[in-house]
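Each chain is listed here by its residues.
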Amino acid sequence: MSWDWEFAIKVFPEIFNVIWLVIGITFGAYAVALVFGLILTFARRSSFKPLSWTVYGFIEFIRSTPPLVQLFFVYFALPLIGISLNKYVAGILTLGIHYSTYVSEVYRSGIDSIEKGQWEAARALNFTKSQTWSKVILPQAIPPVIPMLGNYLIVLFKETPLLMAIGVVEFLQKAFLIGADHFKYLEPLTIVGLLFLLLSYPAALLINRLEKWSNQAYGKGSR
Amino acid sequence: MTKNPVQNQPLVKYEKVSKKFDDLEVLKGLDLDINQGERVALIGPSGSGKTTIIRMLMTLEEPTSGIIKVDGTPLWHKEVNGKLAPADENHLRKIRGDIGMVFQQFNLFPHMTILRNVTEAQVHVKGIPKDEAEKRAITMLEKVGLGEKVDAYPLQLSGGQQQRVAIARAVVMQPKIMLFDEVTSALDPELVGEVLEVIKEIAKESDMAMILVTHEMDFARDVADRIVFLHGGLIEEQGSPKEILENPQSSRLQSFLKRFLSTT
Ligand SMILES: Nc1ncnc2c1ncn2[C@@H]1O[C@H](COP(=O)(O)OP(=O)(O)OP(=O)(O)O)[C@@H](O)[C@H]1O
Ligand SMILES: [Mg+2]
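Top line first, the protein sequences correspond to chains W and G.
Following our numbering, the numbering of the first sequence begins with 430 at its first residue and continues without gaps.
Following our numbering, the numbering of the second sequence begins with 2 at its first residue and continues without gaps.
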């Protein structure tokens, strides 16, 4: 079997067109991860112990089971108790919640790096709890971890082929379908690899930039 | 009884206040009154509880027992059916508005410009319109000699400048009492003077009460109406700066001052 340029050029647009779906799923799941991750972070810090323990257990459970199992559970098992989700929603939620447990750890590290003096200054100025979070803590805790958060966007993107297991036609599934039609797998699979590279690499460069920027913000390193 | 509860009432009253950190008893039933507008310097050896006293008033540390009253209202307690119950955050917030504090480590918000550092709480805590808050902030920053630096970020300033911003940030909130915790001890020696000058200036111009924890005896003499010497979790001796610094009675205060004057 040798490389067939004509075939490759013919099927490229077909595979490329899936890009919007993949990007949609990636950003959808990422948004879920960012928001739900923050909720987990707050719940984990709650002084109401039953809540923080439950959340701790949930996080450990999600992290120690494979995302594929979670995906099957959400798509095939939840309907048995009356929760039916279409495959896109199921995919976005599962990936999003899975990565929210990692994202929440990233938030936590950002928050823990804020000095005690910042909390105390906010208290001395009589900010409310929510003002303290929104004006003092989070604006300092998040920027330094943006690169780490960005890495999870790339990781999440690379996990999207998982969703073929529940019938979502993303890059990999598309390549298989085309390959099966023509009994030629080399070209479509190569194209898929290339597309992942083309999207991930610039994203990684961008994250590098962000890292440099966040190290210099607010006059850091100027004295 | 017909006594007027507001007149002649101390602004802050510590009644038998104790504080333990695990097994360590830092304060052992402290009784201390601070009058309206009075400037009190707290001195004493390291570990004698000076910081703890003002942190409890700033609601950063809860007393183990005893009562702290601000304007006659218990700070850490709420009266429910004539009994004292632990205060909730709402109650603490209400009273905390009368109290301001400057920390040893400045604790400016590094992600905000100097101007925003001094404006943010005015707007969001006191509800002052933004342009008015900025005007007041600029006036205040000029007063502490930093009118030029409004657009800088804290990390671009020297320690002495940062501490002056921190003072402006607290004073602009117009508390009834300001707490200063060794505000020059994190500074290089050549920057101490500028910060102490600013505090003296503010003390002269305003009628806020102040509690100043300090190791700078000359400064205490200049600013304080009364100096309180702490030892072992209790007040060992107190009086006017003249009495305390020039005619100390207890041998502990005498040796404290001697050690002090010989090391500085
Ligand atoms: N959060 C805490 N947990 C445990 N121990 C504490 C805590 N805060 C203070 N202490 C201890 O309480 C004692 C009194 O502390 P405090 O900071 O009030 O003393 P200080 O008079 O301000 O001393 P210094 O002059 O060194 O600042 C010290 O022994 C200190 O180690
Ligand atoms: Mg101290």
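Honestly, the hints are just simulated from the structure, not real lab data.
Check the hints yourself; a few may be wrong.
Below are the EDC-like pairs computed for lysine to aspartate or glutamate, each with C-alpha atoms no more than 20 Å apart in a straight line [as the list claims (entries may be wrong)]:
(1) G:K177 <-> W:E544
(2) W:K558 <-> G:E16
(3) W:K558 <-> G:E90
(4) W:K478 <-> G:E90
(5) W:K558 <-> G:E62
(6) W:K545 <-> G:E90
(7) G:K127 <-> W:E534
(8) W:K558 <-> G:E63
(9) W:K545 <-> G:E237
(10) W:K545 <-> G:E62
Right, here's what the structure says about each hint:
| no. | hint | verdict |
| --- | --- | --- |
| 1 | G:K177 <-> W:E544 | violated, 27 Å |
| 2 | W:K558 <-> G:E16 | violated, 29 Å |
| 3 | W:K558 <-> G:E90 | holds, 9 Å |
| 4 | W:K478 <-> G:E90 | holds, 19 Å |
| 5 | W:K558 <-> G:E62 | holds, 17 Å |
| 6 | W:K545 <-> G:E90 | holds, 19 Å |
| 7 | G:K127 <-> W:E534 | violated, 35 Å |
| 8 | W:K558 <-> G:E63 | holds, 18 Å |
| 9 | W:K545 <-> G:E237 | violated, 31 Å |
| 10 | W:K545 <-> G:E62 | holds, 13 Å |
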